[in-house]
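Asks: Chain by chain, the residues:
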Amino acid sequence: MALLEIRNVSRRFGDFLAVDNVSLEVGAGEFFTLVGPSGCGKTTLLRMIAGFDQPDTGQIVLEGKNLEGTPPEARNVHTVFQSYALFPHMTVEQNIAFPLRMAKTADDQIKPRVAEALEDVRLADKGKRYPHELSGGQRQRVALARALVNRPKLLLLDEPLAALDAKLKEQMQLELIELQREVGVTFIYVTHDQGEALALSHRIAVMNHGIIEQLDEPSKVYGFPKNRFVADFIGTCNLWEGTVTSAGERDFVLDLDGIGTARAIPNTTTKAMPQPGQRGCLTLRPEKLRIAADLAPLPEENSAAGKVHDFLYLGDVTIYIVNLDQGARIEAMLPNAASGRTRFFEVGDPVKIAWRVDAGHFIDG
Amino acid sequence: MAGATRSNSATRVSRPLLGLSLAVYLFLYIPLIVVIVYSFNASRVQSGEWGGFTLDWYNKLLHNETLLNATLNSLIIGVAAAAIATVLGTLAGLALHRYKLRLLPVLVLAPVAIPEILQAVSLVLFFNAINLTLGMVSIILSHVAFCISFVAIVVRSRLQGMDESLTEAARDLGATPWQAFRMVTLPLIMPGIIAGALMAFTLSIDDFVITFFTSGPDAATLPLQIYSMIKVVVTPEVNAVSTLLMLLTLILIIIANKIAPSALQAK
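In order, the protein sequences belong to chains H and V.
Just so you know, we're using this note's numbering here: the first sequence kicks off at 1 and counts up by one.
Just so you know, we're using this note's numbering here: the second sequence kicks off at 1001 and counts up by one.
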């Protein structure tokens, strides 16, 4: 049985439908992420699970029990807020002891459990400090310790890393994964950062306009986006619109707008062979494109020619923006893996691109 | 070096503006300084001559039954009015913050803007209508009426500066609404409540207009007593008692400002 079930939940604010008939299940011990642009309904959904808001219709069921009418304090669910929401008038120890005191834990048990929680987040020496005396990363860890100290069934995290700088963020991501594995508590994580969603989660629900566009493992969401929104929102993606000209046994031929003719394989999920005349979209990740000054495409490759419009040197990789001769603008990624000084293409250089027939993911319609 | 000089000259105040602000400050503070200085003047006449330093007038104050009585009245009224207004004003501030109704702020905050004389007259009429004899009780009720708004403003501004998710976090971690209020909200708005209480006390202690209208024949407060004294002649005792009153007010304002810097801005 799933730990948490969301059944046909909707929530409307005036004219705005924040959550539109959403259903999903989260299993025990899972690291589940709701990702989407701001206003997609992910935070509203989280607040309804926490009990700060109620669904207009539908049910939220935790361990088989309908949570309707259960106030936040009676739910075995804790939240890590974006602002951390540490009580400024209490020390770190008092903050972490708060949920234990509310749960009427015996006094002689509170001390060791607070100490243990501080140990878990490696802040054993900071117990007597006040929140304002801590760094952002430390506050984050106190918020985690406080929310986990009496082992809730479910931990909700609302963009907990949004306020941290990039370096600290990556470190905290690793700590989060480790912490979740150690304590075994189910995490539901809300973020607008698709990279974070991919890095942390067992499963991701991509939300937009109050509905779930796709719910799957990170590699499936990235590799086989269900529609144009998911392809575009998760990672960087070339979206090439085109018309099917002929269909074969295992692949088909497309006339891609502004690019030219290319062979492609049917949608990996539906496996439906498109019919000639049908429109569709070929999604292709920049790292799946080969880019070279001159190249002879292999038999299983498509190719096109163009000129470098611009490039972004990112250290590990370089992103090239290429204007194809046929008119389209595409993005290709080249790893800077060669030893010695990497040779770049300059702006205006003529280049050729090539990609395998099965490199793209075709979206019907 | 050159850079530093330039930035200095950029922030330098122009001479005419400096002169003007000095003149304004002198106009504001010279009368107060005169009162303080003359409270230590040994000469009885107020003609301006200096008769040497003395503490006689302060000593005389201690033996002036009428003034002491008025002071006691003022303190009783101030403490009672501040206590009641703080409780009611805090509740009003919480309500203003929680319920975003359009009419509520107007109703709670209007007394700040209504002319005092108008409030005074309406209170007298009200007390007559309910057959309440004018005296200490009517003064306290009147002071409560105009202090509530000030307390509410300070408490609300304190709440507005508070992270909304703190209360939610308390609930989330197992606190009932009442526990969340008592253990998180209340301690965090306490500086605002204390500042509001001090302000209410200050406003009550030196109120004249409303007190004048709502006091009975035998419930004179300090400001009323001072007024009746200077109607006859300005005695140095008045200077002394005014100086003390000024000192008390100043201390309270400074404390209030220390506790909640936004309190005085709200006023």
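It is worth saying that the hints were derived from the structure and are not from the lab.
Even for Gly, the Cβ is constructed at its ideal location relative to N, Cα and C.
Among these hints, one or two may not hold up.
[Unchecked claim] Below, in silico cross-link-like pairs of lysine-lysine (DSSO-like), each with a Cα-Cα straight-line distance of 30 Å or less:
id: 1; chain 1: H; residue 1: K153; chain 2: H; residue 2: K65
id: 2; chain 1: H; residue 1: K126; chain 2: H; residue 2: K220
id: 3; chain 1: H; residue 1: K288; chain 2: H; residue 2: K167
id: 4; chain 1: H; residue 1: K307; chain 2: H; residue 2: K271
id: 5; chain 1: H; residue 1: K128; chain 2: V; residue 2: K1258
id: 6; chain 1: H; residue 1: K126; chain 2: V; residue 2: K1100
[What the hints assert, rightly or not] Far from chain V, some chain H residues (derived; all Cβ distances over 12 Å):
id: 7; residue: S10
id: 8; residue: S38
id: 9; residue: A50
id: 10; residue: F98
id: 11; residue: A103
id: 12; residue: A143
id: 13; residue: P152
id: 14; residue: D158
id: 15; residue: D193
id: 16; residue: H209
id: 17; residue: A247
id: 18; residue: Q275
id: 19; residue: K288
id: 20; residue: E331
id: 21; residue: M333
id: 22; residue: A338
[What the hints assert, rightly or not] To spell it out: a stretch of chain H is covered by chain V in this simulated footprint if at least three of its residues, at any positions, have a beta carbon under 8 Å from a beta carbon of chain V; those stretches are:
id: 23; segment: 115 to 127
id: 24; segment: 276 to 282
Asks: For the pair we were handed, H:K288 and H:K167, check the Cα-Cα distance against 30 Å.
Replies: At roughly 27 Å apart (the allowed maximum being 30 Å), H:K167 and H:K288 satisfy the hint.
Asks: Closest CB-CB distance from H:A103 to chain V, is it above 12 Å?
Replies: 5 Å, violated
Asks: Taking the closest pair, is the beta carbon of H:A50 still more than 12 Å from chain V?
Replies: Non-interface label fails for H:A50: nearest chain V Cβ at 6 Å, not farther than 12 Å.
Asks: Examine each Cβ of chain V, and state whether all of them lie more than 12 Å from the Cβ of H:D158.
Replies: 9 Å, violated
Asks: Does the structure keep H:K126 and H:K220 at a Cα separation of 30 Å or less?
Replies: 42 Å, violated
Asks: Holds or violated: are the alpha carbons of H:K307 and H:K271 at most 30 Å from each other?
Replies: Not OK: H:K307 and H:K271 at ~35 Å, beyond 30 Å, violated.
Asks: In terms of Cβ atoms, is chain V entirely out of 12 Å range of H:A338?
Replies: 48 Å, holds
Asks: Mind verifying the non-interface call on H:D193? Its CB should be farther than 12 Å from each CB in chain V.
Replies: Given a closest Cβ separation of 20 Å, the condition holds.
Asks: Was H:H209 rightly flagged as not at the interface, with every chain V Cβ beyond 12 Å?
Replies: Label holds. Min Cβ-Cβ 25 Å, cutoff 12 Å.
Asks: Does the claim that H:F98 lies outside the interface with chain V hold up, using a Cβ gap greater than 12 Å?
Replies: H:F98 not clear of chain V: closest Cβ-Cβ about 6 Å, inside 12 Å.
Asks: For the segment 115 to 127 of chain H, count the residues whose Cβ lies under 8 Å from any Cβ of chain V; is that count three or more?
Replies: violated (count 0)
Asks: Would you assess whether H:P152, listed as outside the interface, keeps its beta-carbon beyond 12 Å of every beta-carbon in chain V?
Replies: 9 Å, violated
Comparing the model with each numbered hint stated earlier shows that hints 2, 4, 6, 9, 10, 11, 12, 13, 14, 23, 24 do not hold.
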